[in-house]
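Work the whole structure out from these sequences, hints included.
Chains as they are written, first to last, in our numbering: chain Z, 1422 to 1752; chain F, 9 to 300.
Residues on chain F that point at chain Z, a partial pick, calculated with CB under 7 Å:
id: 1; residue: M47
id: 2; residue: V104
id: 3; residue: L107
id: 4; residue: F116
id: 5; residue: F238
id: 6; residue: Y279
id: 7; residue: A283
id: 8; residue: L286
In case anyone wonders, no lab produced these hints; they're calculated from the structure.
Backbone N, C-alpha and C fix where the C-beta goes; we use that ideal spot for every residue, glycine too.
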Amino acid sequence: MENTTNIPGINKRVHPLKIVMIIIVLIGLALFPFISENRFYISLINEMMIYGLLAMSLDVLLGYTGSLSFMHNAYMGISAYVVGLFLIHLSPTSLWLACFAGIIFTSAVALPVGWVQVRTGGLAFALLTMAFGMMFHTIVWKWYDVTGGDDGLMGMPNPDITLFGWNLGNSGNPVTIYLFTLVIAAICFFLTRRIINSPFGAVLEAIRENEDRASFIGINVRRYKLLGWMLACMLASVAGALFILYKGYIGPTTMSAFAGAGVLMMVLLGGMGSLWGAFVGAAIFIYIQDYISTMTEHWEIFLGLVVIFLVLFLPTGFAGLGEHLKRFRKA
Amino acid sequence: MGGTLGIIVDISLNSLVLSGVFLIVAIGLNIIYGLSRIMNMSHGALYAVGAYTGYTLVASGLNYFAALIIAPIIVGAIGLLIERTIIAPMRKRSMVYTLILTYGLMFFIDGMIKYVWGNKPCFIDLPAFLQGTMPILGTEYPIFRVATLFLIAGIMGGLMLFLSKTRVGLILRASSTIPEMVSCLGINMSYVHMGAFVLGCIMAGMAGIIAGPLTTIDPLMGSEMLISSFVVVVIGGLGSLRGAVIAAILIGVVQTLAEFFITDLAMVIVYILMAVILAFMPRGILGEGKFE
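Structural data, given as structure tokens:
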């Protein structure tokens, strides 16, 4: 399916080795819970995939549209809260309807926000993502009656995952939710790849390279930026639905500015403008975070230093490392 | 405590004080942005550093007024160090990189603040004659807040004179409009960028030490002020100094009113106001880049 990316005019031939690699990684991930009995690693990889999806959604915005969102996790959080509230208050069994509600509600929130942001231009866009992100964080944090405030949303029921009448298992089971996350993340990945490699993606990249020139050749820059923003927010809302199904809990810290910086760092680690890089970045980040936060409480200092280091010395991230090495070998 | 009039006077004075603090932070941001097109995400953290150094200086027995001068200088020195080491090499790269870079810097500084001063809130002790209250139109208002208002007015007046009357101010104003021309006249733009960054940092530190006694000093104050100053800067128009004045007063008044009537969700009102203004005036109230 990923061979269909050769659209005339867009020179993006996929290396066959890359396809083989992707398939091997996918199969490896799918078999992992049956090989390893270690619950800890299963849930760690599950978290990596969810954050990878979130990082990929931010990468669509940052790497392809060239707009920066400081608090993209806010949209994941909104979706997670909506899915959770739907399952708790409306119907504890209808999983798909809840996820659908989460995505629709998040898009409905993101649309007016994006509309305002897109009109203000590049830099103000970035500053506004922060202001609006803080707004959502404040609402979730202070609206105690609905969201549970500081305590977060608790008492999530575990619905069964069903598809066309089949019961695939309960979402409370770590292995089931792991495989469910893997399938959804993989579908989102290939779908996003397809969108990004289409003429639509080329327009986004043109806007990233030079906004003025893009508008000179007749591209409605604001509209395409808004579409890019909506795509990113919808992907983030899918990640949010997966997040609450996996954790069974969501609190305001998931939507904080600090967590947003973490997502930004995942994209930087993986390399801007590389979709698979975002997953790699998320995996590295979650692993390091898990490792370091047990040792020191001053995790912030470390995060700041690594971000500074990455921007100064390795702006292409992990995905660009290969290129660096190639150039190094030639020189 | 006297009646409705007293409450009105209280609210209006409080909102003026808040506006003043917003203004100094936002002007600092705008000076840096207007001259070198860098949006300093660590500005809020530097503001917090100003407040914390002020606290340490006063706690170690120094006069508050001496701290008022020394703390901004320390923050300016930190700004100089930051500019020379990591901001200057980034000048030629895209703006997204400097945004992310200074964002990382913000977390680094915030983390260092927590490391050095801990998580507990601090308070700056004022000299005795500033601690009392004075009667204004039927309400007892803290003397320190009144003094703060005069101080902020003094700082703004001084800055205005500096920009309009001195030679350095002339160079700064010229560089904000046609930097190429200024560098053709034999002025080293690298120093102009450096000066702008340090001046902005000094403003942040000054706002910190002024706001320190008004509120409690805690590790969160930096990021809260960063968001507020973004709101002010974006509403006023990026890089526009006069726009910042209007926006700071507007946001100060609205936030004080909102905090008075609905305590918890006050900031949400401010954000919604911002969204409404930007929906009609996407470039802010006065548009971008009027540096005077």
